[in-house]
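Participant: Below, each chain spelled out in residue letters.
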Amino acid sequence: MMNQVKRRKELRGAAWLWALGWGLGRSVAEQRFPPPDFESGYQLPLTQTPAPRSLLLQYVDVGILAVALALACYLVYRRRSRTGVLALSLFSLVYFGFYREGCICAIGAPQNVALALFDSTYALPLTAAAFFLLPLAVALFAGRTFCAAVCPQGALQDLVLLRPVKVPAWLEQGLSVIPFIFLGAGLALAATGSAFVICRYDPFVPLFRLSGSFMLLLAGGLFLLLGMFVGRPYCRFLCPYGALLRLASIVSKWRVRITPDYCTRCQLCETSCPFGAIRTPVALPANPLALAPERKRLGWLVLLLPALVAAGALLGSRLTPVAAKLHPTVALAESYLDPHRAPTPPGVQTPESLALGRAEQNPTELIASALDVRRRLGTAMVWFGGWVGLVIGVKLIRLSIRSGRTDFEPDRAACFACARCYLHCPNERVRLGLMPASELPAIQPLPAPTLPQTGSHTT
Amino acid sequence: MNPPPQKTSPLSRRQFFRAGARVAGMTGMGLLCGILAPRASARTTVWQIDPAKCLRCGRCATECVLTQSAVKCFHTHAFCGYCQLCTGYFVPEPNGLNTAAENQLCPTAAIRRTYIEDPYYEYAIDETLCIGCAKCVEGCNRFGNGSLYLQVSQDHCLNCNECAIGRVCPGDAFRRIPIDHPYLLKTTSH
Chain H
0 MMNQVKRRKE LRGAAWLWAL GWGLGRSVAE QRFPPPDFES GYQLPLTQTP APRSLLLQYV
60 DVGILAVALA LACYLVYRRR SRTGVLALSL FSLVYFGFYR EGCICAIGAP QNVALALFDS
120 TYALPLTAAA FFLLPLAVAL FAGRTFCAAV CPQGALQDLV LLRPVKVPAW LEQGLSVIPF
180 IFLGAGLALA ATGSAFVICR YDPFVPLFRL SGSFMLLLAG GLFLLLGMFV GRPYCRFLCP
240 YGALLRLASI VSKWRVRITP DYCTRCQLCE TSCPFGAIRT PVALPANPLA LAPERKRLGW
300 LVLLLPALVA AGALLGSRLT PVAAKLHPTV ALAESYLDPH RAPTPPGVQT PESLALGRAE
360 QNPTELIASA LDVRRRLGTA MVWFGGWVGL VIGVKLIRLS IRSGRTDFEP DRAACFACAR
420 CYLHCPNERV RLGLMPASEL PAIQPLPAPT LPQTGSHTT
Chain Y
0 MNPPPQKTSP LSRRQFFRAG ARVAGMTGMG LLCGILAPRA SARTTVWQID PAKCLRCGRC
60 ATECVLTQSA VKCFHTHAFC GYCQLCTGYF VPEPNGLNTA AENQLCPTAA IRRTYIEDPY
120 YEYAIDETLC IGCAKCVEGC NRFGNGSLYL QVSQDHCLNC NECAIGRVCP GDAFRRIPID
180 HPYLLKTTSH
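First to last, the sequence lines map onto chains H and Y.
Numbering-wise (numbering that gives the first Met the number 0), the first sequence opens with residue 0 and increments by one.
Numbering-wise (numbering that gives the first Met the number 0), the second sequence opens with residue 0 and increments by one.
Hints were generated in silico from the structure; no laboratory data involved.
Where a beta carbon is used, it is the ideal one built from N, C-alpha and C, also for glycine.
One should not assume that every hint holds.
Far from chain Y, some chain H residues (derived; all Cβ distances over 12 angstroms) [claimed, not checked]:
no.: 1; residue: 36
no.: 2; residue: 49
no.: 3; residue: 53
no.: 4; residue: 180
no.: 5; residue: 194
no.: 6; residue: 294
no.: 7; residue: 298
no.: 8; residue: 321
no.: 9; residue: 431
no.: 10; residue: 448
To be clear about the criterion: a stretch of chain Y counts as covered by chain H if any three or more of its residues have a C-beta under 8 angstroms from a C-beta of chain H, and this derived list gives those stretches [to be verified]:
no.: 11; stretch: 28-39
no.: 12; stretch: 80-92
no.: 13; stretch: 99-112
no.: 14; stretch: 125-135
no.: 15; stretch: 176-182
Listed next, the stretches of chain H that the computed footprint assigns to chain Y, with coverage defined by at least 3 CB atoms under 8 angstroms from CB atoms of chain Y [unchecked claim]:
no.: 16; stretch: 220-230
no.: 17; stretch: 392-402
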């Protein structure tokens with residue numbers, strides 16, 4: 000018996016030497032060494048397979064989301080309580096942020112839906128569908144209450160707000176097209192299965208996880224630093240889901256009304272909004288003929304819109320090769336076909352050389368699938384480019400339409416429903432019994448509109 | 000005391016358009032639900048590594064969004080040769096066949112080597128220490144039975160939409176598999 004063991008030992012040593020000498024070949028020889036027959040009654044341990052997070056818990060997430068949304072609407076519209084909204088947003092930050100580590104979140108969910116629409120093999124997680132649809136449906140009726148108190152990213156930025164400065168209107172309006180463009184890019188890349196850029200470049204999720212790439216952690220820190228002086232910079236100027244909620248809340252049934260009764264135009268609420276969402280009252284010109292130059296400009300902008308869409312679509316199709324590099328298959332095929340590719344020295348194995356080795360095994364299949372990706376992405380990029388043109392064109396048109404209002408009121412799209420402005424309204428303070436009705440300021444006259452220079456002589 | 004201002008028409012044109020847009024929005028979302036319903040499933044999928052495709056490049060240790068990668072080394076003991084000189088455990092030309100750190104291939108000493116009976120040794124992975132660098136996997140696959148291989152440990156994995164490792168995996172070894180069977184383990188035929 001001992002002899003047998005010894006012999007096997009020698010054999011094993013020989014095999015080991017052989018392997019050292021010849022083992023550079025890549026083929027895996029399974030069972031080079033047969034499993035031993037143990038004499039000591041040794042039991043083979045089983046491979047440990049830790050279970051994933053229980054599926055039941057995803058229903059808990061969706062349930063909490065629904066309850067939090069309902070509660071947020073109640074706090075914003077019925078209770079009109081900033082304290083309540085703040086408390087709920089703290090809970091959301093802890094639960095959806097630090098406990099669930101920012102995943103699943105509504106911001107990235109549109110990508111999952113887009114991929115599910117275009118890739119029939121992709122199983123859309125129930126949570127992703129719910130996180131996409133629920134806040135959007137609520138926004139159609141009650142505005143952006145999701146942003147106010149349920150979104151952990153928003154809650155985090157809201158908490159660090161220290162001394163908000165007013166962003167100049169031109170900058171605010173200019174930057175507010177970025178979320179729509181980001182949304183378009185995210186959807187185009189997700190629908191083609193190329194990349195999930197919205198998730199990849201979320202600056203706050205690494206903070207929630209307390210781990211991540213250095214650049215993203217740095218970006219998160221910078222956003223928080225910026226957020227101390229500019230209210231919710233990510234929400235206002237980047238968030239792609241916020242762009243969808245903006246659209247939905249434009250037509251919402253309920254909205255934040257600063258005054259519970261009537262507006263005295265006292266201007267006290269105007270500075271209370273750290274997000275620059277409160278619009279000042281202004282009368283429409285009594286004589287519409289005074290606006291002839293503005294109407295003319297609007298006419299030109301409407302005509303410009305199709306041109307912008309077409310130019311965007313053209314630009315999008317031109318940028319397809321660049322965007323396609325985001326897809327790993329295309330990137331590999333391109334580096335395989337690159338005529339200036341430096342040959343890898345033999346024996347050196349980098350991930351790149353290993354990938355090229357895979358490409359060399361079946362180049363035709365790789366190139367075919369890369370071409371297929373690029374074709375699909377080409378279509379998506381045309382749509383994306385057109386979308387960018389549309390966004391810019393509509394923004395220009397929107398900026399050249401006057402809208403009159405009699406009260407100080409939040410912009411439907413820009414208002415996060417954070418409930419900060421309520422307590423600044425004298426009428427609200429009267430309602431709450433914080434001050435006597437006799438101290439209410441007198442109603443100020445409605446400011447006259449500023450008329451274009453050329454039209455002023457006609458009136 | 001100020002008089003409240005007069006309210007104007009009960010349903011303005013704007014309100015009418017808004018109501019119309021809301022109905023359109025809800026209809027659109029309903030349609031979306033209808034399209035997505037067959038695709039949506041509660042049985043979601045998870046990321047996993049196909050051991051047959053893994054090229055042991057070492058990126059699993061560095062590319063995961065988690066600081067300590069969710070990819071761990073798994074060991075199918077039924078495949079293991081229980082070698083005294085394990086090429087997944089020892090550096091090439093070790094000073095001695097013992098557990099001294101200088102002899103170990105694993106940068107985090109995540110492999111426990113225990114004596115079973117002459118000349119066999121058991122090798123077990125300490126998952127809390129393993130960083131998924133695939134150094135042992137490379138040694139075991141190149142010179143041994145290939146009983147060590149990488150798998151995504153599902154209790155660590157955050158199941159990102161887009162696996163950060165899978166995106167740069169040179170072997171294209173990452174794929175989504177049903178959550179009911181979340182591992183692609185090597186099994187013996189007998």
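Participant: Give a verdict on every hint.
Facilitator: Evaluation of the provided hints:
no., hint, in the structure
1, 36, "violated (10 angstroms)"
2, 49, "violated (4 angstroms)"
3, 53, "violated (10 angstroms)"
4, 180, "holds (20 angstroms)"
5, 194, "violated (6 angstroms)"
6, 294, "holds (19 angstroms)"
7, 298, "holds (21 angstroms)"
8, 321, "holds (17 angstroms)"
9, 431, "holds (18 angstroms)"
10, 448, "holds (19 angstroms)"
11, 28-39, "holds (count 7)"
12, 80-92, "holds (count 7)"
13, 99-112, "violated (count 0)"
14, 125-135, "violated (count 1)"
15, 176-182, "holds (count 3)"
16, 220-230, "violated (count 0)"
17, 392-402, "violated (count 0)"
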